[in-house]
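Colleague: These protein sequence lines are chains A and B, in that order.
Note that the numbering used here has the first sequence beginning at 2, numbered continuously upward.
Note that the numbering used here has the second sequence beginning at 28, numbered continuously upward.
Heads up, some of the hints might be wrong.
Unchecked claim - Once the Cα atoms are required to be at most 25 Å apart in a straight line, the calculated DSS-like pairs of lysine-lysine come out as:
1) LYS62/B with LYS343/A
2) LYS62/B with LYS267/A
3) LYS62/B with LYS453/A
4) LYS423/A with LYS60/A
What the hints assert, rightly or not - Covered by chain A, per the in silico footprint, the following chain B stretches (three or more residues, Cβ under 8 Å):
5) 35-45
6) 73-80
Source of the hints: derived by calculation from the structure; they are not laboratory data.
As the structure is a prediction and not an experimental result, all values here were calculated from the model.
Yeah, the Cβ is synthetic: ideal placement off N, Cα and C, and Gly gets one too.
What follows is each chain in one-letter form.
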Amino acid sequence: MSQNPVSLSGDLRVDLAQARAHGLSPDEFRNIERILGRTPTFTELGVFSVMWSEHCSYKSSRKYLRTLPSRSELVVQGPGENAGAIDVGDGWIAVFKIESHNHPSYVEPYQGAATGVGGILRDIFTMGARPVASMDSLKFGSFDHPRTRYLLGGVVGGIGGYGNCVGVPTVAGEVMFDASYNGNILVNAFCLGLARTGELMSARASGVGNPVLYVGSATGRDGIHGASLLASAEFDAESESKRPTVQVGDPFTEKLLIEACLEAGKTGAIVAIQDMGAAGLTSSSSEMAARGGLGIDIDLDKVPLREQGLTPYEILLSESQERMLIVAQRGREAELQAIFEKWDLHGVVIGEVIADQRWRARWRGQVVADIPVGPLADEAPLYDRPAAPVAPRTPTPPSQHQPPAPPAALKALLENPNVASKRWVFRQYDSLVQGNTVAGPGGSDAAVLRLKHSKRAIALKVDSNPRACALDPYIGAVATVVEAARNVACTGARPAGITNCLNYGNPERPEIMWQFAEGVRGLGDAARALGAPVVSGNVSFYNETEGRAIPPTPTIAVVGIMADVSRQVVSHFKRAGDAILIVRTAEPALAGTEYAAMFGNGGGSLRPIDLDRESALLDGLVAGAELGLIRSAHDLAEGGLAVAMAEACFNPGGLLGAEVDLAAHGLTGIAELFGEGASTVVLSASTKDVDQVTQIFSSRGLECRSIGRVIAEPRLRLLPVIDEDVRGLQKTYEEALPGRLASHD
Amino acid sequence: MKWGVVRFPGSLDDNDALWALADVMGQEASMLWHKEASLRGAQCVLLPGGFSYGDYLRCGAIARFSPIMESVAKFAADGGLVIGTCNGFQVLCEAHLLPGALTRNRTLSFICERVNVRVENASTPFTRATHQGEVLRLPIKHGEGLYVAPETELRQMEERGQVILRYVDADGRESDAANPNGSMHAIAGVANDRFNVFGLMPHPEHAVEAMLGGTDGLKIFRSIVESAG
C-alpha cells in the first residue's frame, strides 16, 4: 500500500529554497524527490532534514569510521547499536559510549551540559545496562575570556545537577582552557553501564504486528532541529538566538525511566528499545525499523503531548528529553505498562511494526509521511568529501623573554588552570553513589570501579590532546589514545576497549576533512597496536565560529580490566624510603606542551610515536601491578616530569617528599624537566623490588631507571635545579582554580 | 536484626544502604516501597539518600506524604528506631520527626568529599559503639545540608544532647573551615528528644569497606544493632 501523504493547511510550500532552509543541499533535495517519486510534504521534508543531517547520518565521516578496528574476543557489541559493549569477566558486560553536546552547551551551558549527560545515560540503559559511571571531557576558551567563567559554572552545574540527581557517579574527567575554544566550547559526556551476561537489549525491531510503546515525558516543542540546525552547522553571531533549540532536562524522570526500563527489560517482553535522542521520535522509530529490515506505522494522535496544537512536523522533530520508544511482544503490553505505572510513568501504544519497509506517520486519520525506511536511516547520503593537507603550522617563535628558572616555571605550571587541581570542579559531582568507586577523581591516573561479587575491577579514563593534534593531527590522535590507555594501565588495568568523540571543524572544508581523516587513521593505528578495539563513538563536526575552527580534538575514552582490585595502583607515592623509577618509550620534547604554550619555547614538530614500545610499556605496567611490585605509577602529562613528581608527593594521607639527583641521570635540561610527548611514567617501588621492576621493563625492551627515593620530609628535591617545600607547591596547586575564579567576582 | 530501607522515587543510595547492611554486615535487610504501608517487621527503618521526587518543591517535601511515611511516623511514635541519611534526614525534618531544616549549602554548590565529624553524644542508640568525642571520617554529598533551627531551640537541643554529630577538623577541633556547608553550630546530625530518630547529612553506608575509603560508617550501624539486640 502506498498512498500519497497529505499536505496540511499550515504547511509551508516545499521547494528548493525551503530545502536549503532545512540545511539540505540541492542534490540532497533532488535525491529525496527521486526516492519518493514526488515532492515531499512539509512534514517529510523536516523528517529527511534531520535524518540526513551530519549529526544523525554521519554522511561525511562514515567512510572513515568503517576503517576502525571494532572486534576482539572481548567485544560483545561493536558499532551499530546505541553503545558498544565488552565482556569484562565474571559475568559482567560493560556498555559504554561518549557523545558531544558542544553547541547546546555553548548556547545554554547548564541545560546543554545536563541534557548531554541525560542523552548518553539513555544510550547506555537502552542497552539493558545500569549506568554506573560518568566522565566528562570539557574544553573552554581562555580562562580570562569574558564568557569562560559563565560557561564553566553553567556546564559544571549542569553535569552535577543532572548526574547527581540520577544517581550515577561522575568518576573522572578532564578540563582544559585555551583561546582556541573561545567561540566553541566542547562538552563530551561519557557513560558506562554494567549488565549481566545475556541481559543486553537491542534496538532492532522484529515481529510484524508487535506494538510500539512510547514511555516517558510528554512531547513538547523543545529541541526542534537541535540535530540539524544546531549540531550540524557552524556558529555565528546569531547562534545565541538558537537557544530555543536547546532541550531542558528532567533528571528525576530519567531516574524513573532507568529503573522502569531495567525492570521491564527483565520480563523479556521487550523486543527492541531506543531512546528518542537527536531527531526524537523520527530517528528512534526509523532506526529500529531499519535495523530489523521492517517498517513502522505510527499514529501521531496517540503521542502524549505537553500542549495542544503541535503539528505532525513538530511532534516528529521534537527533541523533548527523557522519552523512550519500545517494541513490545504483542499481547504483553499490559505487563510492561504495569511496570511503568509502578514508576509513575505511562506506556502508550502509538504504533506497530509492519512488514512493508516503510516509515509511515498518521495524524487525524490521514497519512502525513510515507517514506521507504532504508534511505531514511542507514542508506542516507554518504560523502567522500575532498581532503587536502594543511601546510605544517609554523613553529611557535622562540619567546622573546627568557623563560623563568625551573622552580618558578614549576610554580607557574602548578598555578596554570590546565595543570592545577580540578577539585573545584569534581567536588560538585557525586563520585561515590552506587558504592563501587575504588579510585575517584584526583586519586589515581584513571578511575577504578570494583565489580560487585567479583575480584575484578574496571578502570576508565578520558583524554584529549589538542595541542599535539594542532601540530600533527595523526600523531596527535595516536598520542591521545596511548595517553588514555597509559593512564588506565598505570592503575594496573589492561586496556580493553575504546570509545571516541571526534570534534572537528566544518567537513566541507578540505583541510578540516584532512585533519579528520588523519585523526581517524591515528586512532585506528593506535587501537590496533594496543589491541583495544573501538566499540562506539560519535562525530561532532562544524565546531567553528565565524570561520575559525577549533584545533582537531579527538576525545578518547579507554576502558580497562583489572584482574584483582586489591592490586590497584595509585598515582601518589606511598612510603618514605621507596625507590623512584622512571620508565619511558622516548625522550621527552617540548613541542605541543603546556610549558611551550606558557613560555613560547616549544617550536619544532612532534616526533613519531613507536606503538610497539607504547604497547610494551602498557604491558609492563600491568604486569608489575599484577605482581604487586609497583607501589605507585603516574604518567607524565601537562607540565612533564617536574609536575608529575610534585603531584606524586601529594599523598592525601600526608604529604611526602622526593629526592632525585637529576644531574647524575642527565635529566636537568628543560625538555627533560617539562617536556611531554610519548611516554614517561614515574613509578615507586620498595627498594627490594627495584631489580624485579627494572627487569619487567627491560625484558620488554624499555629502559627503566631508579633515579631517587621517596622521603618523609615534604620536600621536592630535583637536584640541583629544584628544591621546594611540597606544602607550598600543594597550596599553589589546590588554590589556583578557586582563587582565580574568586578573583573574577 | 531486621532492617527496612525505604525506596522513594528518586532514592539513590537505597541499594548502597542495603548492600552495607546485608552484604557487608550480614544483616537481614529489605527494601520498603514508598507506596506501601507495611514496614515488614523492621526493627530499624532507614530513609536513604538521594533526590526523592527530584527534590522538586523542596528536599524531602513531597516524600513525607508517601503512604509509607505514615507508618514510619507511627513506628517512631511507638519508639521504633529510624535513621535518615542525607535526603532521608531532609525527609525526617520535613515530616517533623526531627527538629530544624536543611537549606542550601553556603557555597551554593553541591559538595562531595570526605569530612570529619565528632561524636557529641555517644550514649544514643545510634552512637553507643563509638566513644564520646570520637572523630569519624565519613563522606558527604549534598547541595542542601546547611542545618538551621531557631537559636533557642538549638540551645535546648544542645543541652539535651540531641546534637549527635558536629563537623570538625581531623584533630577534632571546630573551625569555620571544617564546616563544609555552613551548618549552624556545625551540626552534621541530630536526634529527636526521645533519641529514637536520628538524621545525619554524612553517608555511613558509603564508609563500610576499607577499599572504598574507610569503615567508620560501620560504627553507626553497629550501634543500632547493639541497641536492638
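Colleague: If a hint holds in the structure, say so; if it does not, say that too.
Modeller: Evaluated hints:
| no. | hint | verdict |
| --- | --- | --- |
| 1 | LYS62/B with LYS343/A | 9 Å, holds |
| 2 | LYS62/B with LYS267/A | 22 Å, holds |
| 3 | LYS62/B with LYS453/A | 29 Å, violated |
| 4 | LYS423/A with LYS60/A | 37 Å, violated |
| 5 | 35-45 | holds (count 6) |
| 6 | 73-80 | holds (count 4) |
Figure legend: structure checked against the earlier numbered hints; hints not met, in rising order: 3 and 4.
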